[in-house]
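**Q** Next come the chains, spelled out residue by residue.
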Amino acid sequence: MAGLNKTTLLDWYRQMVLIRRFEEKCAELYQQGKIGGFLHLYIGQEATGVGSVAALRPQDHAITAYRDHGLALARGLDPKAIMAEMLGKRTGVSGGKGGSMHLASRELNFWGGYGIVGGHLPLAAGIALKAKYNEEDEVVLCYMGDGATNIGYFHESLNLSAVWDLPVIWLVENNGYGMGTAVDRASGQVELHKRAVGYGMKDGGRVDGMDVIAVYEAISDAARYASKNGPVLMESMTYRFQGHSMGDPERYRSKEEVQRYAAGDPIGKFRQTLVEKYKDVAGELDKIEDAVVATVAEAVEYAENSPAPTYEDLVAHVYAD
Amino acid sequence: MASNVQTGEKPITIREALSAALREEMLRDERVFLMGEEIGVWGGTYAVTRGFYDEFGPKRVRDTPISEMVIAGAAVGAAMAGLRPVAELMTINFAFVAFDAIVNHMAKVRYMFNGQFKVPMVIRTTTGGGKQLGATHSHSPEAVFAHFPGLYVAVPGTAYDAKGMLKAAIRDDNPVMFVEHSTMLQRRSAVPDDPDFVLPIGKSDIKREGRDVTIVTYSKGLEWSLAAADILAKDGIEAEIVDLRWLRPLDMETVFQSFKKTNRCVVVEESLPMFSVGSEVAAQLQDKMFDYMDAPVKRVNALDQPLPYASEIEMMALPDANKVVAAVKEVL
Chain C
1 MAGLNKTTLL DWYRQMVLIR RFEEKCAELY QQGKIGGFLH LYIGQEATGV GSVAALRPQD
61 HAITAYRDHG LALARGLDPK AIMAEMLGKR TGVSGGKGGS MHLASRELNF WGGYGIVGGH
121 LPLAAGIALK AKYNEEDEVV LCYMGDGATN IGYFHESLNL SAVWDLPVIW LVENNGYGMG
181 TAVDRASGQV ELHKRAVGYG MKDGGRVDGM DVIAVYEAIS DAARYASKNG PVLMESMTYR
241 FQGHSMGDPE RYRSKEEVQR YAAGDPIGKF RQTLVEKYKD VAGELDKIED AVVATVAEAV
301 EYAENSPAPT YEDLVAHVYA D
Chain Y
1 MASNVQTGEK PITIREALSA ALREEMLRDE RVFLMGEEIG VWGGTYAVTR GFYDEFGPKR
61 VRDTPISEMV IAGAAVGAAM AGLRPVAELM TINFAFVAFD AIVNHMAKVR YMFNGQFKVP
121 MVIRTTTGGG KQLGATHSHS PEAVFAHFPG LYVAVPGTAY DAKGMLKAAI RDDNPVMFVE
181 HSTMLQRRSA VPDDPDFVLP IGKSDIKREG RDVTIVTYSK GLEWSLAAAD ILAKDGIEAE
241 IVDLRWLRPL DMETVFQSFK KTNRCVVVEE SLPMFSVGSE VAAQLQDKMF DYMDAPVKRV
301 NALDQPLPYA SEIEMMALPD ANKVVAAVKE VL
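Respectively, the protein sequence lines represent chains C and Y. As numbered in this note's numbering, the first sequence has no gaps in its residue numbers, which increase by one up to the final residue, 321. As numbered in this note's numbering, the second sequence has no gaps in its residue numbers, which increase by one up to the final residue, 332.
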């Protein structure tokens, strides 16, 4: 925890709680039919998202798949504009044209959530190539689920990044299941980080993805390495407490298993750490939680009062002018 | 004669025209770089980039592994981030491997994130059969890519067009599939050496004027159509040839103007007939030009089946000038 002051740690706590409350509200709005399409919740994986994004500098880049709300919030996208996107409003981060899976902010170097498994991996390589080409000190953090490690994009993108020494951290958020298929039913090598050897790239190992500080430290190390030397593959061991997406009957795992992981909830764990470290911090944490609830309520109010996109919005941005 | 009367310095080949376009744009803009299989040390399998590796170095002429998915996808990412990649897929047959990156990301990242990103990139690739390469290496599927909004699709048929269109594609902020014909690289025409010679995107060109029938075509179809027009002229039939040059944007206005004069149309393309350029042109003509129509629109395409190896039967399956002549005579 060297160099991490209380303000920083409390802000991480705020972010983690924000992701949790924000997504709980999203699930509710989905049940009410106010959010449509797919909804893939990040609940349970907050420590991985917050710890890893905290390790990035403003000039660094993040890109991910469709489970993107948590990372968008962690990267600092406005919760109001994210919620507006969820509700399909023209004030949304993608103008209501992207939805839950396609949040992005060019300004914040958050290059988006993508809906085709593995499809964003070559984009990450291309963004990293830009940094290298222009000799800019920037790192790309490319998130993917464990399921993405078995699609061809993974192989081609990791190999190219190694051949070209691109500054990418390939971070597998291993939540145990690609949709409903457990890692050991989908991968010959179940320690996914070990595939680094096959590409001749740095094996960044595994990190406890339920421990925000451990994730921060591991990604910070990886970022330092990547900016100087080239790509790193690493794995964050995490767990999603909800289904793959809304309406997942979860036949592939037991209630007991989910409960076992829930006992190690990353937010509860981090709260415990903070309470042990800072005497009398509980009151501050409670205030943070209240503030987050207000932030989410504000976001919902903003989104609900925002206008729907228009015909002009529908047909805009197919091409650049 | 044609609107683009050729006023250039000297006749050069399509290969030389492509090479000149790439070189000029790389000299003009540091952000332009090449990536693809065998484009560097080898010099390009069609020799378009011969000498580039020595001139521009490995940073700007980037040999890749045999990895079409990441060639296309990394070009998308680099373009979103501000570079101007010209990626090469050795042949369009390999573009199917990269189809997801092209259709889902090259074409759509601008739209799905509400215009936050531009994708100023070009994928150069070669199309066409007729070389005894068998069923998997003889596709002409450019119309497939033209199906998708967000992309532009260029299909030049002359050296003049190849140069002016490639330069336009590289300078534009939209993603372009630039489809060259693999058997036409040695064809010559006069081409300006003005480094700012750029042709407009989405503008077709009348390659031959005539009053009796409109032949709509592109790429290799242009050769068959010009040869057919010479044959028809001997019988006093004057064919007007509209070279589309771009399948997207598709310049139907020029086709309509020609059709108002001739009232008859034959569409000539090397691609398969179903869901083809011919299908689209015919549909738009019956929709917008019904009152001018004196005969059904005829299509000249490859046979609706895979191509074989043996030359005798491969050529039977492909269009040629005589098939164009026969189709024209059917609509007169």
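Please note that a few of the clues may not be correct.
[As the list claims (entries may be wrong)] Straight-line distance between alpha carbons at most 30 Å, and here's what the computed DSSO-like set of lysine-lysine pairs gives:
#1 Y:LYS261 / Y:LYS131
#2 C:LYS80 / C:LYS287
#3 C:LYS228 / Y:LYS261
#4 Y:LYS329 / Y:LYS261
#5 Y:LYS288 / C:LYS132
#6 C:LYS202 / Y:LYS329
#7 C:LYS80 / C:LYS6
#8 C:LYS97 / C:LYS25
[Said to hold, decoys possible] Simulated DEER-style distance windows between Cβ atoms:
#9 C:ARG106 / Y:ASP287: 54 to 64 Å
#10 C:MET179 / Y:ASP29: 37 to 47 Å
#11 C:ASP165 / Y:ASP287: 50 to 60 Å
#12 Y:LYS329 / C:MET179: 50 to 60 Å
#13 Y:PRO200 / C:SER220: 46 to 56 Å
#14 C:ASP137 / Y:GLY51: 31 to 41 Å
In short, the hints are calculated from the structure, not lab data. Being a predicted model, the structure only gives us computed values, none of them experimental. Using N, Cα and C, we set each Cβ at its ideal position, and we do this for glycine too.
**Q** Each hint: holds or not?
**A** Checked hints:
no. : hint                            : result
1   : Y:LYS261 / Y:LYS131             : 38 Å, violated
2   : C:LYS80 / C:LYS287              : 20 Å, holds
3   : C:LYS228 / Y:LYS261             : 66 Å, violated
4   : Y:LYS329 / Y:LYS261             : 17 Å, holds
5   : Y:LYS288 / C:LYS132             : 51 Å, violated
6   : C:LYS202 / Y:LYS329             : 68 Å, violated
7   : C:LYS80 / C:LYS6                : 27 Å, holds
8   : C:LYS97 / C:LYS25               : 21 Å, holds
9   : C:ARG106 / Y:ASP287: 54 to 64 Å : 39 Å, violated
10  : C:MET179 / Y:ASP29: 37 to 47 Å  : 44 Å, holds
11  : C:ASP165 / Y:ASP287: 50 to 60 Å : 54 Å, holds
12  : Y:LYS329 / C:MET179: 50 to 60 Å : 59 Å, holds
13  : Y:PRO200 / C:SER220: 46 to 56 Å : 51 Å, holds
14  : C:ASP137 / Y:GLY51: 31 to 41 Å  : 33 Å, holds
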